[in-house]
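J.: If you want the building blocks of each chain, they are given just below.
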Amino acid sequence: MLNARKPARRIAIAASMSAGLLLSSAVGATADEPPGGGAEQCYPNVICIDVNSGGTTPAPGGSQPGGGGGSDTGPQLCGYHGVPWACHDPQLGWFNSDKGCYFRALDNPPPAGDPAWEGHDPKDGSLYTKVCPQTDGGQGGAEIVFEATAPGGQNVNAEAMAIQKAYDQVRFRPPVGRAAPRNTAVVHAPVWLWADDAALPAPGSAAVAGISVTVTPKLVKADWSFGDHLQTSCTTPGTPYTPEYGDAKSPDCGYEFGTSSAREKNGVFSATVTMHWEAVVVVTGGPNPRTFTIRGINQSSKPFELKVAEMQVLN
Amino acid sequence: MARLALKTYQDWWQAQAEVFGRSDSDGYALEQYSSGRALSDSLVGLRQLRDAKVVMTGTPHNSAVVKAVDLKADPQTAVIEDCVDLSGWHRVDAVTGAARDPGARLNRYVGTASLRWFQSHWLIHDFKREVDRTC
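Chain order of the listed sequences is A and B. Here the first sequence is numbered in this note's numbering, starting from 1 and rising by one per residue. Here the second sequence is numbered in this note's numbering, starting from 1 and rising by one per residue.
Derived by calculation from the structure, the hints in this document are not laboratory data. We put the beta carbon where it would ideally sit given N, CA and C, even for glycine. Zero decoy hints are in this set.
Computed list of lysine-lysine pairs in DSS-like fashion (alpha-carbon distance at most 25 Å, straight line):
| id | chain 1 | residue 1 | chain 2 | residue 2 |
| --- | --- | --- | --- | --- |
| 1 | A | Lys302 | A | Lys218 |
| 2 | B | Lys7 | B | Lys128 |
| 3 | B | Lys7 | A | Lys221 |
| 4 | A | Lys307 | B | Lys7 |
| 5 | A | Lys302 | B | Lys72 |
| 6 | A | Lys307 | A | Lys249 |
| 7 | B | Lys67 | A | Lys302 |
Sample of chain B residues with no beta-carbon within 10 Å of chain A, all distances over it, derived:
| id | residue |
| --- | --- |
| 8 | Thr59 |
| 9 | Ser63 |
| 10 | Ala64 |
| 11 | Lys67 |
| 12 | Glu81 |
| 13 | Gly97 |
| 14 | Val110 |
| 15 | Arg133 |
| 16 | Thr134 |
Okay, chain A solo, but in the shape it has when bound (with noise of 0.2 Å):
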């Protein structure tokens, strides 16, 4: 909370001393509040642009830029020479507000003795993706280093520390589109559609020093995208279409074409669907327990093509 006043203090001062006021009842005039009730700051960010820091964000982090974490719920903020940086990123992983960078342990690692190892023995460490997004932007892509212990993460409260790590022992896997008929659909005719890789994943829980969390995912529905206009929406993954079903309709996942893919490129449908789901997060112990819902978990599947004909070819 202090944190993120400081650069509204720092603003304000400048602003007053070029004004010629004196410094100390500037001072005092701002502890608490800048004048305006903070009108003339720019936040969030998308709103204006802020002209002391040439449309960067100012820093929450101020003078303590190894600082981060605090008391607040939610995601926590961290920094580097007093420039902010979400100490959570779900690319790139926890930031070291030492070394300004990001590390994530890597999820499928290489085996013993692959040079990526640098002689280390795995039972001594774990690799990491190392990313410093100030020093070289990012954009050099990941380097990939040995670290005894885990570097990120140090700054950040319990509860949030709890909270990801059982969100992250949720594994959401890619899905894949699947329909029939696939290359012989007609229009107004029932598309079976089904998505496998789909099932509900289970539960995750951790606990950090006395914080308990667990995480719940829940389906809220499946898109099924096949053109700019041309998509539908299901509350399940659908049902695998078998022989035996004939020409009945889908129990639970159908569609039907109005239109045919003889205009699009290559005269089909590049189909997607995406599962959307949303996690329930129950906090016990702590300063705050509650519960809460992580909206907007979305998994889209590589694009598959879907063929409809104007009319069924009669041999």
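Chain A is already provided as a structure; the job is to place chain B on it using the hints.
T.: Using the frame of chain A, we list chain B on its own:
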């Protein structure tokens, strides 16, 4: 893939509107759509809104188009250009509803989002506001 990128971008704005619109938001939804600078900036914004006891009200409007998709890159990348219209989205006091818009606020600008494909979904890792360009 381009359609999915566009959907992710639109969902990201919707998530921001929802998260910034409530004083008790935690922001975990933002991690589902963004990473890197884009995620960090929105988490900072959420923190500042909460500390100042203000929220965003109304709806931001977008007219986004996919400018480029590179499916051969590793990871795959996409670039989206948008005419962001914020004239109906305002910062207000969370309790009284009184206007608290910043002085230098933007109503309309060209925004460019860079996305990367990661573990079966797109993530926005950078969002640039090109205020010199009108739209």
